[in-house]
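So the sequence lines, in the order shown, correspond to chains W and Y.
If you're matching positions, the first sequence starts at 1 in the working numbering and goes up one per residue.
If you're matching positions, the second sequence starts at 116 in the working numbering and goes up one per residue.
Do not take every clue at face value.
Said to hold, decoys possible - A short, non-exhaustive set of chain Y residues, derived as facing chain W with CB atoms under 8 Å: (1) Y146; (2) S163; (3) S170; (4) E171; (5) F180; (6) F206; (7) R210; (8) H216; (9) E218; (10) A219; (11) G224.
To be verified - Derived DSS-like pairs (lysine-lysine); straight-line CA-CA distance at most 27 Å: (12) W:K107 to Y:K193; (13) Y:K193 to W:K73; (14) Y:K172 to W:K78; (15) Y:K198 to Y:K172; (16) Y:K193 to W:K70; (17) W:K55 to W:K70; (18) Y:K157 to Y:K172; (19) W:K70 to Y:K198; (20) W:K78 to W:K107; (21) W:K107 to W:K70; (22) W:K107 to W:K73; (23) Y:K198 to W:K73; (24) W:K55 to W:K73; (25) Y:K157 to W:K78; (26) Y:K198 to Y:K157; (27) W:K78 to W:K55; (28) Y:K193 to Y:K172; (29) Y:K157 to Y:K193; (30) W:K78 to Y:K193; (31) W:K55 to W:K107.
Unchecked claim - Quick partial rundown of chain W residues pointing at chain Y, CB under 7 Å, derived from the structure: (32) Y33; (33) R43; (34) M45; (35) L47; (36) E52; (37) Y54; (38) K55; (39) Q56; (40) G100.
These are calculated hints, taken from the structure and not from any lab test.
Glycine included, C-beta positions come from ideal geometry on N, C-alpha and C.
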Amino acid sequence: AQTVTQSQPEMSVQEAETVTLSCTYDTSESDYYLFWYKQPPSRQMILVIRQEAYKQQNATENRFSVNFQKAAKSFSLKISDSQLGDAAMYFCASVNSNSGYALNFGKGTSLLVTP
Amino acid sequence: EPEVTQTPSHQVTQMGQEVILRCVPISNHLYFYWYRQILGQKVEFLVSFYNNEISEKSEIFDDQFSVERPDGSNFTLKIRSTKLEDSAMYFCASRPSTGGHTEAFFGQGTRLTVV
Chain W
1 AQTVTQSQPE MSVQEAETVT LSCTYDTSES DYYLFWYKQP PSRQMILVIR
51 QEAYKQQNAT ENRFSVNFQK AAKSFSLKIS DSQLGDAAMY FCASVNSNSG
101 YALNFGKGTS LLVTP
Chain Y
116 EPEVTQTPSH QVTQMGQEVI LRCVPISNHL YFYWYRQILG QKVEFLVSFY
166 NNEISEKSEI FDDQFSVERP DGSNFTLKIR STKLEDSAMY FCASRPSTGG
216 HTEAFFGQGT RLTVV
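Let the sequences and hints guide you as you build the complete structure.
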């Protein structure tokens, strides 16, 4: 079974600053995928970034990047130049090939962006 | 841009009543999912559906739940006899193909309130 742990229920960052959201996971699979999803107040889930476990290079999408430490089973999200629109719940998730590639989510981190 | 559509956006039902939540996945997608999110909690996997049958289901998805793809476009979740604890946000998602790396596209969710 896969477990995903987000140890920060809430984080706060000032506009234009950088913030890192933590995520650790546990899996017995050798091939897996990791994701960060954003859930704004509208409640819709939006993909932020993804990482294939077999890739050593950290994924980057504009202001969003990950620090993937495979040995430590850590998958943190860094948001640079934070904007007010980044305020949302952020969920870390892993893909479980034994569940039809369903997403297995952590409990989420609520990110507050202050002007 | 193609999107997953869910109806209704909000459903209020009395305890013990049957409810059907509807979803129109993105056409040409092959994998379909239902997730639920109890208020303030993480998003939980319910069921995955592929090739017109359930490919995997969680412990939450008991005999009170069923899914159908009746006409090749709609994907429905039925709860036969609703309980108070079924109150949650229900998300439908679809993916285009196999492989854990592909993005799951989520609908905007249906808020189910059982009274």
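Restraint check, 7 Å cut-off on beta carbons, for M45 (chain W) near chain Y: holds, 4 Å
Given pair status - K193 (chain Y), K157 (chain Y), alpha carbons within 27 Å: holds, 21 Å
Given the proposed pairing of K78 (chain W) with K193 (chain Y), does the C-alpha separation stay at or below 27 Å? violated, 39 Å
With the threshold set at 27 Å, check whether the alpha-carbon distance from K198 (chain Y) to K172 (chain Y) stays at or below it. holds, 19 Å
Taking 27 Å as the top limit, are the C-alpha atoms of K198 (chain Y) and K157 (chain Y) close enough? Between K198 (chain Y) and K157 (chain Y) the Cα gap is close to 19 Å, so the pair holds against 27 Å.
Please verify that hint: F180 (chain Y), Cβ, nearest Cβ of chain W, below 8 Å or not. violated, 15 Å
Holds or violated: K157 (chain Y) to K78 (chain W), with C-alpha atoms at most 27 Å apart: With a Cα-Cα distance of about 21 Å, the restraint between K157 (chain Y) and K78 (chain W) holds, given a limit of 27 Å.
Measure nothing beyond the straight line between the CA atoms of K172 (chain Y) and K78 (chain W); if it is 27 Å or shorter, mark the hint as holding. Violated. K172 (chain Y) to K78 (chain W) sits at ~33 Å, over the 27 Å cutoff.
Taking 8 Å as the limit, does the beta-carbon of S170 (chain Y) come near enough to a beta-carbon in chain W? It holds, given that the least Cβ distance between S170 (chain Y) and chain W is near 4 Å, below 8 Å.
Let me know if the C-beta of A219 (chain Y) comes in closer than 8 Å to any C-beta of chain W, holds or violated. The hint holds - A219 (chain Y) has a Cβ within 8 Å of chain W, the shortest such distance being about 6 Å.
Does the structure keep K193 (chain Y) and K70 (chain W) at a Cα separation of 27 Å or less? Violated, at about 40 Å.
Does E52 (chain W) pass the interface check with chain Y, least Cβ-Cβ distance below 7 Å? holds, 6 Å
In this structure, the earlier hints numbered 5, 13, 14, 16, 19, 23, 30, 37, 38, 39 are contradicted, and the remaining ones agree with it.
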